[in-house]
Amino acid sequence: MSRIKEKFSELAAKKEKALISYIMVGFPNERATLSAVKGLVKGGADIIELGFPFSDPLADGPVIQNASTVSLEKGTKIKKFFQLVKKIRKLTDTPLVLMTYTNILYNKGYSNFISEAKKAGIDGFILPDMSIEESKEYLKAAKGNTDTIFLISPNTTKKRVKEITKVTSGFLYLVAVYGTTGIKTGIKNYTLKAIKDVKKQTQGKIPIGVGFGVSTPEDVKKYISVGVDAVIVGSAFLKLLEKTSQNQIERKITSFTKSLKKQTKI
Amino acid sequence: MKYPKGGRFGEFGGKYIPETLVPAVQELEENYLKFKNDKIFKKELDYYLKQYAGRPTPLYFAKNLTEKIGGAKIYLKREDLLHGGAHKINNTLGQALLAKKMNKKRIIAETGAGQHGVATAMACAALGMKSEVYMGYKDTIRQKLNVFRMNMLGAKVHPVKLGSKTLKDAINEAIRDWITNVENTYYLLGSAVGPHPYPVMVRDFQSVIGEEIKSQMKKLLNKNPDCVIACVGGGSNAIGTFYPLIDSSTEIIGVEAAGKGIKSGLHSATLSAGSKGVLHGMMTYLLQDKEGQITETHSISAGLDYPGVGPEHSYLKDNKRVKYHSATDSEVIDAFLLLTRTEGIIPALESAHAIADAVKVASNHKKSESIVVTLSGRGDKDVEEVQNYLDKNVKN
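The listed protein sequences correspond, in order, to chains A and B.
In terms of the working numbering, the numbers along the first sequence are unbroken and rise by one, the last being 266.
In terms of the working numbering, the numbers along the second sequence are unbroken and rise by one, the last being 396.
For the record, the hints were derived by calculation from the structure and aren't laboratory data.
Because the structure is a prediction, the values reported are computed rather than measured.
Hints are supplied without guarantee of correctness; some may be wrong.
Stated by the list, open to error - Here are the simulated EDC-like cross-link-like pairs (lysine to aspartate or glutamate), alpha carbons at most 20 Å apart as the crow flies:
#, chain 1, residue 1, chain 2, residue 2
1, A, K158, B, E30
2, A, K5, A, D147
3, A, K188, B, D177
4, A, K108, B, E11
5, A, K77, B, E291
6, A, K77, B, E183
7, A, K80, B, E291
8, A, K140, B, E11
9, A, K188, B, E183
10, A, K5, A, D93
11, B, K290, A, E73
12, A, K108, B, D289
13, A, K158, B, D177
14, B, K290, A, E133
15, B, K5, A, E137
16, B, K276, A, E133
17, A, K184, B, E183
18, A, K74, A, E242
19, A, K119, B, E291
20, A, K118, B, E291
21, B, K165, A, E73
22, B, K5, A, E133
23, A, K79, B, D289
24, A, K74, B, D289
25, A, K184, B, D177
26, A, K159, B, E27
27, A, K80, B, D289
28, B, K101, B, E30
29, A, K74, B, E291
30, B, K276, A, E137
31, A, K158, B, E183
32, B, K161, A, E73
33, A, K74, B, E296
34, A, K77, B, E27
Said to hold, decoys possible - Negatives, chain B to chain A, calculated, CB over 10 Å:
#, residue
35, M1
36, K15
37, E67
38, G128
39, D169
40, K290
Each residue gets a CB set at the ideal place from its N, CA and C atoms; glycine is no exception.
The shape of chain B in the complex, shown without the other chains (with noise of 0.2 Å):
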């Protein structure tokens, strides 16, 4: 859906806000619509992705992985190998710049496995400008890294001890501060989740990925991939590489993560497990209970537990555009340590969500077909975690 009238993917989305947030939205809005299309916002944002971010960022073939699953061909998206290990710099950048063209001097940020929080220090300082950013006092812990990578970038992380302690309740103080702030805040938010507009700008950021992979499969093999695939937490890095390819044939496979599986409840699976409700300024698919309060999710990845999804993820999936499968924390491991193996490339947890499906789907599919697995993020962040969950499960 290329604008969606009034914030609305067919049903999902729209703007479920308190009154005082209403004119910052408004005026977020008027402003993403005046500078996206604004020559020299364009100009001066590809010269940051270029020469700050590193874009464009390469197609991989997975030469080994492809050769030891036997199946279709898989191409990585190299978004690990960002400024700041991950895809979300291509929309921190975004926003920053759009943030600093709208005059507000504090920029707030929430941040899941520190990757947006961290993403959003780098863009702050590089373009002169003081963040805070909000991090569950769980997720501080299990991505302690992250914590002092923002520190040391000048950013304030303020940890939050209330409800689950993680992504959900960092982005509700967030949206807490934005309310008492908002004359002079700026809330960077980085999912494609929240209020309109920011589920249609973080996905048009996020673009980037899939416009770069539509053009160097083109020249790779002169066609498009036959299947992408990427991992959906709140779904920014899933959105930019889909959305380009929305009305192609191509197969579109996003991944959840099943925690310790969909039955246990232990899990992060909105999509595939969830039911329609309204958090954080939208109307999208949750994990809730039968009196409609939201529930604890578990994943084994800071970043994909959380118990919504970006409204356009929804309705990709009602209109069936979109499959969305789920991966195991201990189908994720495998897949950590196979691709670090096989080709020397650690992913992050986040990622390896997605690497993990296309070793199933690559199975399946014809040698002579083409699979792009996103690889949204890099691992380092996560070896610790990975350690620590191989010593308590003895795998190997």
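One chain only, chain A, in its complex shape (with noise of 0.2 Å):
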């Protein structure tokens, strides 16, 4: 069973939803990378999204543009990065996900990338710009080795729905809001419907996380209680560490994902 699956029956055995947290790493360095994994997991974060850059994020807002942007003029490279999991996985054996752009992959080879990552300890991708008809290599190199985790929106017809979730393993990422990471929009009709729509259609065969603009306590209790599994959490976390000096970070992180964490317990 992957460290994902097994999360989320943990969970569902203490009742409990999970928070899951993204953050860039090499934003704003290596070091505070390292100090806000410490903090998302002393606060209780799930599992941990980890981005890693690319020049060109289309689907991320102003936040994660600028964090990518910031990661890549520190230095942020691929083999550097695999070191950095490797110390995570020694601090930790919360789920940990690999958040980047298809290019990021398909440059290495998915094969080649997807053996190194899981190596070091990723446990899943998510690639925004993935969509399942171009999927095919993808999939073939991360069967047995690591979750594949797609995305579907508000507007993705039921019979996509279905595709998708055929591939997807890990969790299914409903992005609550027509828009970019980071918007913020409010909790909108049309994204409550979705939830509702998905759940009855995939009928807990796979857990449903939200995210896109999801920052606050509230904005996860509201989602929490129309019945998803999982919120994500990303803007925010990035949003703090660009205002935080290095030695605080570690226990303003903790504090902010304890505020959240509560939230997903029933």
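Make the complex out of the two chains shown on their own, each in a separate frame, by following the hints.
Structure representation (structure tokens):
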């Protein structure tokens, strides 16, 4: 059983939902990333998404765009990243998901990249520009190695949700709103409807996580109350990192994570 | 390739897009396939191309230039004479009309040199629609005349201050806008790039160039040209020139921007120096580093300053049907001045890349042979840039 799957069944037994947190590696530097991860673990994050920067992050809003630029300027490289993942693995058993863009994997070869990532301790992948039509090689390389987390959107047809669910493992990532990451629109009725429809369609066969624009304990509470299995918070963590000095990072991240995690306990 | 299955030209193309855009891209493909053979749509588009844009464009025998070089006869396909001053209007009229049929109220576009932005603003004004254009901040400075034109035509210009502040960043921002406003917005992409069906749709709208070349050459010499040459950034004027001649024996040459020289690393010659990758929804040749990060490009012409290329060009490079050359900034300035002085025609810096290559190619071809160069745009927008270059580099 994958670490992610195990985590969801462990949470189910405790009647808890999952808090998934996202940070960009190397933002604002590698030391900060390690401190942030410690804070996330202490605060009770159930799954940690590690963003690997891409020069052209077209699904991301200004916060993650800026973090990508800073991280690349600080010299974030794939080999160094895998070393960092190994260090993180020594600290925690929390499932680690790598979120980046297709070209980063394609460039090294899907199979090559995924096996290196797995060796380092990565449990799953999220590629926002990977559509199922183009995913054959990627899926082949990931099979039996890591989970492949695909995204769906409120405008995804029922037929397509079915197709996407077939190739998704770990959890299904529901993009809450039309927009890029970090967008501030409040919770929309169409999102609540999408959650209801997807839950009905998937019948609990795969956990459903909601992300994009989820940033406060109130947001978390609201989404949990309508029955999602996980909430994903990203840009809010990066904003916090941006304004926190190095020696405060672990403490501040711990307390923010706790405030979010509290809302996932039913 | 007539209509690429699954949007693939060989291994290139496809649709690597966020899920939110999938319904929009599917809707676009359905409507494109429905209207491209629709009699009324074709008649309407034809009307605008003729009466509004000024088609057909002349095929001009550049006698002075030919004599100066002393090789094959050079003909210029005068897309620079179109309304707006570039081939871009062929595509924007087609797509804007399609958007209107699809009941889309809001049009967004990206632009590099500003030619596509101007052509979008014109087509939208003519068809009574609103447009917003994303343009790299660096490009808004070096092509500010086009920013004024867009503003006057009623388009809202959004300068993009991210990344390299050029065309690729303008495309990123346009895609982000599209994701956010997917329900009411039509993305009017300006080159033969992006996710399927854009590369094939833009090619089809631009193929009027190559179709006219064929029939004009038939009238003139009763045969196809021996060679055609066009510049390649994203590659829309080139694919429009090439596609109708793909199954003929005509030699076909695309010319990329070698900037300060391929070895300097400061260029935009994607096919000459790039490797395969995924960007802006397509798999194609890209300029990228060993880690898969897209690298910054350079060209004196904003319209060619792009680290990717249309997927069909990648396909045509690999199957060797088309040869891809490149021209440096310095060669391009020489060609710009040469054409200006010998023929009294001021070419766009983009098009001057094709002229620069034609000068080399013509001298290696027999006098009895004919070369058609697509002059994709006029150079009024570039005179300041050229003057600055000359002041800095003491040419003349």
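Agreement of K80/A and D289/B with the hint, judged by alpha carbon distance not exceeding 20 Å:
Distance ~16 Å between K80/A and D289/B Cα, so the pair holds.
For a C-alpha distance cap of 20 Å, please report whether K161/B and E73/A respect it.
17 Å, holds
CA of K74/A to CA of E296/B, is that 20 Å or under?
The hint holds at about 17 Å.
K159/A paired with E27/B [C-alpha distance capped at 20 Å]:
15 Å, holds
Straight-line Cα separation of K5/A and D93/A no greater than 20 Å?
The given pair, whose Cα atoms are some 13 Å apart, holds under the 20 Å limit.
Taking the closest pair, is the beta carbon of G128/B still more than 10 Å from chain A?
26 Å, holds
Does the structure keep K79/A and D289/B at a Cα separation of 20 Å or less?
Given that 20 Å is the threshold and the Cα spacing comes to 14 Å, the pair holds.
If you draw a straight line from the CA of K77/A to the CA of E27/B, is it 20 Å or shorter?
39 Å, violated
Would the hint linking K184/A and D177/B be met if the CA-CA limit is 20 Å?
Measuring from Cα to Cα gives roughly 14 Å; hence the hint holds.
Quickly compare the C-alpha distance for K188/A and E183/B to 20 Å and report which way the hint goes.
15 Å, holds
Take the C-alpha atoms of K158/A and D177/B, compute the straight-line distance between them, and say whether it is at most 20 Å.
Answer violated: K158/A to D177/B is near 25 Å, above 20 Å.
Distance restraint between K74/A and D289/B, which requires alpha-carbon spacing of 20 Å or less
16 Å, holds
Hint compliance for this structure: hints 6, 13, 14, 34, 36, 39 and 40 are not met, and every other hint is.
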